[in-house]
Amino acid sequence: MPEKQATSLLQDIRIDLDIAISQLTAFNIYIDAECEDSHLSNCMIGLTQSLSSISSRLKSLAIAPSVTLEDRTNG
Numbered sequence: 434m435p436e437k438q439a440t441s442l443l444q445d446i447r448i449d450l451d452i453a454i455s456q457l458t459a460f461n462i463y464i465d466a467e468c469e470d471s472h473l474s475n476c477m478i479g480l481t482q483s484l485s486s487i488s489s490r491l492k493s494l495a496i497a498p499s500v501t502l503e504d505r506t507n508g
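Residue numbers for the sequence shown, in this note's numbering: 434 to 508.
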């Protein structure tokens, strides 16, 4: 795989992770407010932290620069 293609793929992975993190955060707010299920909420927090860690490691490689959710959704 050419380097430029690999870099683009890593950027896309990181963007998708950031979107998933945002969705998990929103879902966890709903769980806390509506269901009051602390076990599920703790699981969601753990999953969010794991995905954030992966995203941070990708960012630290300096080959997957930070792209905001707005950049991804606004084209």
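Think of the hints as simulated: they come from the structure by calculation, not from any bench. Built from N, CA and C at the ideal position, the CB exists for glycine as well. Watch out, some of these pointers could steer you wrong.
[Stated by the list, open to error] Listed next, with one range per pair, are the computed distances between beta-carbon atoms:
| # | residue 1 | residue 2 | range |
| --- | --- | --- | --- |
| 1 | A453 | L494 | 28 to 38 Å |
| 2 | I452 | C476 | 15 to 25 Å |
| 3 | S471 | P435 | 40 to 50 Å |
| 4 | S441 | S485 | 33 to 43 Å |
| 5 | S493 | S455 | 19 to 29 Å |
| 6 | E436 | L484 | 38 to 48 Å |
| 7 | E469 | D445 | 31 to 41 Å |
| 8 | L480 | L443 | 19 to 29 Å |
| 9 | Y463 | S486 | 39 to 49 Å |
| 10 | P435 | I478 | 30 to 40 Å |
| 11 | G479 | A439 | 36 to 46 Å |
| 12 | T440 | N475 | 17 to 27 Å |
Verification of the hints:
no.	hint	result
1	A453 / L494: 28 to 38 Å	19 Å, violated
2	I452 / C476: 15 to 25 Å	19 Å, holds
3	S471 / P435: 40 to 50 Å	48 Å, holds
4	S441 / S485: 33 to 43 Å	22 Å, violated
5	S493 / S455: 19 to 29 Å	20 Å, holds
6	E436 / L484: 38 to 48 Å	26 Å, violated
7	E469 / D445: 31 to 41 Å	36 Å, holds
8	L480 / L443: 19 to 29 Å	21 Å, holds
9	Y463 / S486: 39 to 49 Å	23 Å, violated
10	P435 / I478: 30 to 40 Å	38 Å, holds
11	G479 / A439: 36 to 46 Å	30 Å, violated
12	T440 / N475: 17 to 27 Å	36 Å, violated
The earlier numbered hints that this structure contradicts are 1, 4, 6, 9, 11 and 12.
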